[in-house]
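S.K.: Quick mapping for you: the protein sequence lines, in order, are chains A and B.
Per our numbering, residue 1 is the first one in the first sequence, and the count goes up by one each step.
Per our numbering, residue 1 is the first one in the second sequence, and the count goes up by one each step.
Source of the hints: derived by calculation from the structure; they are not laboratory data.
Check before you lean on any hint, since a few could be wrong.
[As the list claims (entries may be wrong)] Taking lysine-lysine pairs in the DSBU-like style, the calculated list, with each CA pair at most 35 Å apart, reads:
| no. | chain 1 | residue 1 | chain 2 | residue 2 |
| --- | --- | --- | --- | --- |
| 1 | A | 67 | B | 534 |
| 2 | B | 144 | A | 169 |
| 3 | A | 80 | B | 22 |
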Amino acid sequence: MKHWRLVSLISLIAVILSGCVGNPNQSTLIPQGEVAEMQYELMKLSTIIMVFVVAVVTVLFLYVVVKFRHRKGEEDVIPKQVEGSHTLELLWTIIPVILLIILAVPTVSQTFKLSDEKQIAKDEKKKDAIVVNVNAHLFWWEFEYPKSKIVTSQDMIIPVGKKVILNLKGEDIKHSFWVPSLAGKIDTNVEGTNRMWLSADKEGTYNGFCAEFCGPSHSLMQFKVKAVSQEEYDQWLVSMKDQKGQAVTADASEGEKIFQQSCIGCHAADANDTRPPAARLAPNLANFGDREMVAGIAENTEANVKKWLKDPESMKPGNLMTGKYGELSDDEINALTAYLESLKIAK
Amino acid sequence: MSSVGHKKPLIWDYLTTVDHKKIAILYLIAGGLFFLVGGMEALFIRIQLIKPDNTFLVGDAYNQVLTMHGTTMIFLAAMPLIFAFFNAIVPLQIGARDVAFPFLNALGFWLFFFGGIFLNLSWFLGGAPDAGWTSYATLALASKSHGVDFYLLGLQVSGIGTLAGGINFLATIINMRAPGMTYMRMPLFTWTVFVTSALILFAFPALTIGLALLMFDRLFGTAFFDASLGGNSMIFEHLFWIFGHPEVYILVLPAFGIFSDIIPAFSKKRLFGYSSMVFATVLIGFLGFMVWAHHMFTDGLGAVANAIFAVATMAIAVPTGVKIFNWLLTIWGGQVRFTTAMLWSVAFIPSFVLGGVTGIMNAAAPADYQFHDSYFVVAHFHYVIVGGVVFGLFAGAHYWWPKMFGKILNEKLGILTFILFFIGFHLTFFIQHFLGLMGMPRRYFTYLPGQGLDTGNLISSVGAAFMGVATIVLLINVVYTAVKGEKAEGDAWGVGRTLEWAISSPAPEYNFAQIPYVRGLDALWVEKMDGNGKMTPAEPLGDIHMPNSSILPFVMSLGLFIASFGALYNDGLKNHTAVGVLILGLVITFGCMFLRSWIDDHGYHIHKEDLADEGVKA
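Just chain A, same shape as in the assembly (with noise of 0.2 Å):
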């Protein structure tokens, strides 16, 4: 081990490095599907032409301050007093001109390729094109699978490597979509749907986020897309279609039936949910026992459940479910968490 210096050394910085550019799943600087690798080109593009920008400017600056510093017995030097110079002032004026070009051109080919409304028109329609609704709710998310008919929320689950068409709306007020790791953001906005596409490289779990202001629960708006292999994807399609919400143990059965009483007035726990979007008023709970987060912010465990069915508010102020349902008793919500566990696929 000779190097070994060497190796702690790029170890070392490798370490810092990660530092600098975050958590795998959620970073826009580890892009991991098409939509966010060209807007990292371009990120990257302009962040070298601006740190030439910025690197000129240092090195005058720092010329000019510490060279023409006042000093001791110059007091009454007067400077030769200069109106200006239109070379170099046509110089800063052209060189700028110059990398604007050359950080606007792939600017406005990106801007036309990614909201190209012909081509994903045109993508919508082949055979095995996978579209997603996704209607943001204060605070939660729902995707629709329309080719399928199902409805489920909070983990979006996509094929790994295809073109995932989206087709986003605001259900109540405007909010935005966003998945670092796999695209930009574009608003939710109520008055019309907005259209994008992503995909993602490789199977993972991403995490996505509320990118516009909606209240007190904004921070809490997160969400998951979750790759999978193509077979996997296929057949969670089919899984889903007979996630009916039937409880299929002794204790889950209990809690389907207070679920029934308490909850079945804003959520649904059938994947095939006909009814329009905004009748839909809470997420809907087919596969919850699968979900990575509770409320989405979380980890999906008993104890978790139990907290949010007691006391919502405390886990995600101003959420629309608080109230809405009357007291429950420990029994009952123990009976309800092992219902809500047993909603899942894998059984």
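Mind docking chain B on chain A? Use the hints.
M.R.: Showing chain B alone in chain A's frame:
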């Protein structure tokens, strides 16, 4: 003080004053207080974000603090503080005895002041606004407390004041310049005030319309922005940013002007490329109106709109770059004295460049899909607004303090403030670029452990503490100087180039006993170089016509303040007490307007015999 014998109690004097120098002090005090309030709010934000899952300030309480931090800093701190310098300096720089409309000037201040107080009273009356300083319509309409109504009414009242101020300075600069003070001889600060005032004139009406329509939606049952009733909330975003983007230049252009006065003064050189600086200022002001939709790149406006606004935004970098290099070349070959004011000015250059280049990065629309509403943008606009505007305000405060108060701020404490603030500023905001790139959205009151955001946020919070301490040192400095400071000369720094340094510090009530004759750019410097050392008068010594002070601006603004409460609680005109209060307030305001029109006010004269003791010397 003036030798004219009309001594009044200090408070009454300031409540009724129409003197631009006293109004400047009012703006400085009020803006300074709001700056402290906004700063406290910033510290609360950074305390909450110091570690993941913190519970210091969560949910709606955090949103209120966040909203009020932005709103206060922009509308109630930065705006009045630049107006403080407009008032304190512009009439002096152009050789005028006051602004064009002294009464309107006082009215502008009191409207701003009462609007700001009204907005902040929301803290005690059911909660502050919580929809962000941008107050986008869907969220604002969904907000349940009266907070947003305080925002809408308070900003409309203070907005009228700002608009009045803008019109006043346009008229002043067009009409009140001393003989020989042609446009191309005006100091650059005056030029930036001129362009800024024009921006105010065109930008603020867009805001007022947006706020008024939103107010009607919230308080009087209309549906301009309610999509479910056929309205469109995107219109509000457009109106807001048609105001909001020029607002950035409204704030930063005067800061550019301040630097453009300070850097030549302490380099003992004339401003490099004066004409191109003027042209760049005008061009920035013009382009500032062409780029608002870059705040809306992720709205889904479509590729054509995004591409056009991306390129237009990039274009602004060119005139801004010209300015940066002109400042550097002004220092080149100079004899630079690093006073506190100069330190702020030179430190501004690299700091602002960082904010500028990230602005260009944001302009690249597809990259902005990643940057938008993330901490990258938070870092960007704090680099622009703190690194540009706040540095400019600090520089201007140290530079012109003797002209406003007759004493030079303590330099040792000033340099200490500078060092602490400069370190704290970069510590707080530089890391935020990376937080944003690492996927931290803006306006989040928390982040989860394991998202890789812990260290960056901790560093950022530590930096904020530095800025807090720096501000305390500045306050100590103000008190110390008031008590111990020595009286300053007319040309307080000995390097004055422009007209304000040709008269005593602080300036006498009438500014110039005799209006000076201007023979070139940097009027005082020209006389110094010709060996005269003082300005040549353009008129014989005579009686000076002065405007009378008046309590009407105060009462007129108070009327709108009272009316705002009525509007706020009117409850669809069902609350009759509130409707009565609304009417009462409007009656007070319109009554004052009637009185102002009815009573002939010819002002008074200071006789030339009374001037002789001090005026001529100055």
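S.K.: Residue 80 of chain A and residue 22 of chain B: Cα distance at most 35 Å?
M.R.: Given that 35 Å is the threshold and the Cα spacing comes to 38 Å, the pair is violated.
S.K.: Given the hint that residue 67 of chain A pairs with residue 534 of chain B, test it: the Cα-Cα distance must not exceed 35 Å.
M.R.: Distance ~32 Å between residue 67 of chain A and residue 534 of chain B Cα, so the pair holds.
S.K.: Holds or violated: residue 144 of chain B with residue 169 of chain A, Cα cutoff 35 Å?
M.R.: Given that 35 Å is the threshold and the Cα spacing comes to 23 Å, the pair holds.
In summary, the structure is inconsistent with hint 3 from the numbered list given earlier, while agreeing with all the others.
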